[in-house]
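S.K.: So you can see what is in the structure, the chains are spelled out below.
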Amino acid sequence: MQNILNWVSSNQEIIYIVILMVFLGIEVIGRVPAVLHTPLMSGANAIHGVVIIGAIIVMGKAQGDNYLALTLGFLAVVLGTLNVVGGFVVTDRMLEMFKKKKVQTPKGS
Amino acid sequence: MNLNIDILTICYLVASVTFILGLKMLSHPESARKGNLIAAGGMTIAIAGTIFLYEDHQVNYLGNKLLIFGALILGTIVGVFSAKKVKMTAMPEMVSLFNGMGGACAMLISIIEFNYQKSLAFDLGVGKVFVEHISKGEIVVITLGLIIGSISFAGSVVAWGKLNGRFKDKVFPGQRIINFAILAILIIAAAFFIYFTPAYANDYDGTTMAYTDGTAGDSGIIPMHSYIFYGILALSLLYGVFFVMPIGGADMPVVISLLNSFTGVAAACGGFMYSNKAMLTGGILVGAAGTLLTILMCKAMNRSLLNVIIGAFGGGATGAAADGKEQGAYKEISLSDSAMIMSYANKVMIVPGYGLAVAQAQHICHELEKILNDKGVEVKYAIHPVAGRMPGHMNVLLAEADVSYEKLLEMEYANDEFKTCDVVLILGANDVVNPAAKNDPASPIYGMPILEVELAKNVIVNKRSMKPGYAGIENELFFQPKTSMLFGDAKKVLQDLVAEIKSS
Numbered sequence: 139m140q141n142i143l144n145w146v147s148s149n150q151e152i153i154y155i156v157i158l159m160v161f162l163g164i165e166v167i168g169r170v171p172a173v174l175h176t177p178l179m180s181g182a183n184a185i186h187g188v189v190i191i192g193a194i195i196v197m198g199k200a201q202g203d204n205y206l207a208l209t210l211g212f213l214a215v216v217l218g219t220l221n222v223v224g225g226f227v228v229t230d231r232m233l234e235m236f237k238k239k240k241v242q243t244p245k246g247s
Numbered sequence: 008m009n010l011n012i013d014i015l016t017i018c019y020l021v022a023s024v025t026f027i028l029g030l031k032m033l034s035h036p037e038s039a040r041k042g043n044l045i046a047a048g049g050m051t052i053a054i055a056g057t058i059f060l061y062e063d064h065q066v067n068y069l070g071n072k073l074l075i076f077g078a079l080i081l082g083t084i085v086g087v088f089s090a091k092k093v094k095m096t097a098m099p100e101m102v103s104l105f106n107g108m109g110g111a112c113a114m115l116i117s118i119i120e121f122n123y124q125k126s127l128a129f130d131l132g133v134g135k136v137f138v139e140h141i142s143k144g145e146i147v148v149i150t151l152g153l154i155i156g157s158i159s160f161a162g163s164v165v166a167w168g169k170l171n172g173r174f175k176d177k178v179f180p181g182q183r184i185i186n187f188a189i190l191a192i193l194i195i196a197a198a199f200f201i202y203f204t205p206a207y208a209n210d211y212d213g214t215t216m217a218y219t220d221g222t223a224g225d226s227g228i229i230p231m232h233s234y235i236f237y238g239i240l241a242l243s244l245l246y247g248v249f250f251v252m253p254i255g256g257a258d259m260p261v262v263i264s265l266l267n268s269f270t271g272v273a274a275a276c277g278g279f280m281y282s283n284k285a286m287l288t289g290g291i292l293v294g295a296a297g298t299l300l301t302i303l304m305c306k307a308m309n310r311s312l313l314n315v316i317i318g319a320f321g322g323g324a325t326g327a328a329a330d331g332k333e334q335g336a337y338k339e340i341s342l343s344d345s346a347m348i349m350s351y352a353n354k355v356m357i358v359p360g361y362g363l364a365v366a367q368a369q370h371i372c373h374e375l376e377k378i379l380n381d382k383g384v385e386v387k388y389a390i391h392p393v394a395g396r397m398p399g400h401m402n403v404l405l406a407e408a409d410v411s412y413e414k415l416l417e418m419e420y421a422n423d424e425f426k427t428c429d430v431v432l433i434l435g436a437n438d439v440v441n442p443a444a445k446n447d448p449a450s451p452i453y454g455m456p457i458l459e460v461e462l463a464k465n466v467i468v469n470k471r472s473m474k475p476g477y478a479g480i481e482n483e484l485f486f487q488p489k490t491s492m493l494f495g496d497a498k499k500v501l502q503d504l505v506a507e508i509k510s511s
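Which chain is which? The protein sequence lines are A and B, in order. Quick note: the first sequence uses my numbering, first residue 139, plus one each step. Quick note: the second sequence uses my numbering, first residue 8, plus one each step.
Bound-form chain A, shown alone (with noise of 0.2 Å):
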């Protein structure tokens, strides 16, 4: 018990960011109209993919022999860029047609 106490009072800062987060993760789009849930996903995606900088920790912490760490670490960095790079990527491309279509407006009606 007291490890759980003593645990939360020295972690205290990561805490309050986490519950802010939560709090403000869930505002931020509260009110997101339905035309944007897809590229809202895909952007949520992209952001997620933050995770590299823990792969480029992780690979750049390696020793240079071990090569099993150096295989993984490579191929982590790799996927985390394709998340990142993907992902924002495709967002920017469904946003693009939206605004496309904004210019074109006058001409519809």
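Hints are computed from structural coordinates only; laboratory data are not their basis. It cannot be assumed that every hint is accurate.
Calculated cross-link-like contacts (lysine-lysine; reagent style DSS-like; alpha-carbon spacing at most 25 Å) [to be verified]:
#, chain 1, residue 1, chain 2, residue 2
1, B, Lys-382, B, Lys-426
2, B, Lys-377, B, Lys-498
3, B, Lys-445, B, Lys-387
4, B, Lys-387, B, Lys-499
5, A, Lys-199, B, Lys-143
6, A, Lys-199, B, Lys-72
7, A, Lys-199, B, Lys-125
8, B, Lys-284, A, Lys-199
Given chain A's structure and the hints, the job is docking chain B onto it.
M.R.: Using the frame of chain A, we list chain B on its own:
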């Protein structure tokens, strides 16, 4: 501290703020694109900062930079290429696949970190103990990152395969029980692993080793810990596959959204591991937003998340309800008759569904809208929140075909306008216009908000056949006197309609 770390801290701070701003701007149509670019910019800063400025407690810079750059470049090329090449109709499965990559990344990080900590372990003679800075909290986070990342990876790949038709729905007797059993074993194994993996503070001064928890007296890390660790990995992957396998195609968007928030949490686990605020904020933010989005989608279908996950849809009760209904007769309508009533209508409402997406008919649909407009007919689109395979799927498709944003009506507005419509043209939509959702309490979709198309004067339904939609239930709308069926592939039918209206 030193200057590099200070700058890196600021990089992460900037990145965190851009993630929040980006998500906020993505929620508004005018600022969405800018929001995406801002988040991407923040991500670039965070990645560059990590490569050049990160250093550990012993002030070691990151090594293997050449390999890191190689991986970044390879990932960028493949990522840009596949994201540019993918067709708009295949967007949902692409998002799912990218999500799976993120999950796999989190999974690999946990594996490497575990092996790294093991390699640094201090030999006690009877076994090894972790000597570098590792605490129980970090073991928890490594384990969670492994489990959530693997489930997300395996699940996303299955979802991707199901959406593009590579995998079929697989249900075998007792699957629910097996799924539950796997999950239970997984949780027990994880709890066991977390509890029995020794954690030590790095107070080793050459003679004493300080314990940070109550597991004193055990023999440190022995091979058993590794076996359990990889056992957890295998179980998580298996659970990811079994979790998504039985879920029907119509529910895939909910599942993808759920797995998306899983990956967010897995990324946040990485944030805990390295006390990295950018990973933490980004991960938790997506975890929370993704969960809300998942719940919003379930609400749009009037189902609970649990119901989606357990996969009760299309079960025994559904079949019975469908069989009980008297089928009655439906009437067909010819192309020229359809063309006729549409070109003499005042107002036509188009209800697009998955059939439109499959047939790639969005451009020809816009074509039809334009020539009807030229004839003085007002044309609008009624968009059900779960039409297609993802929320907003129809909007994206129609936007690709240059359909103006103002013509797309959300469900509540469309329902107000149906009574003033002369013709409703339903293109490959089924469950979202099924009146059973309002009238038949026995129906599995009872209570789901629908487009009330029967308020219009005429309803023309374009479908490929009389086959029921994804929910597997009959649609009484097709047998109503107002309704006429126009069978055929959406693209073909629309082309013929356009030609017919032009020539008249």
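S.K.: Confirm or reject each hint.
M.R.: Hint check results:
Proposed proximity of Lys-382 (chain B) and Lys-426 (chain B) is supported: the alpha carbons are some 21 Å apart, at most 25 Å. Restraint check for Lys-377 (chain B) and Lys-498 (chain B): satisfied, since their Cα atoms lie roughly 16 Å apart, inside the 25 Å limit. For the proposed pair Lys-445 (chain B) and Lys-387 (chain B), the alpha carbon gap of about 24 Å is at most 25 Å, so the pair holds. For the hint linking Lys-387 (chain B) to Lys-499 (chain B), the alpha-carbon distance of about 21 Å falls within 25 Å, and the restraint holds.
Taking the CA atoms of Lys-199 (chain A) and Lys-143 (chain B), the gap is near 21 Å; set against the 25 Å cutoff, the hint holds. Straight-line distance between C-alpha atoms of Lys-199 (chain A) and Lys-72 (chain B) comes to about 10 Å, which keeps the hinted pair within the 25 Å bound. Between Lys-199 (chain A) and Lys-125 (chain B), the direct Cα distance comes to roughly 14 Å. Compliance with the 25 Å bound is thereby established for this hinted pair. Between Lys-284 (chain B) and Lys-199 (chain A) the alpha-carbon distance is near 19 Å, which keeps this suggested pair within the 25 Å criterion.
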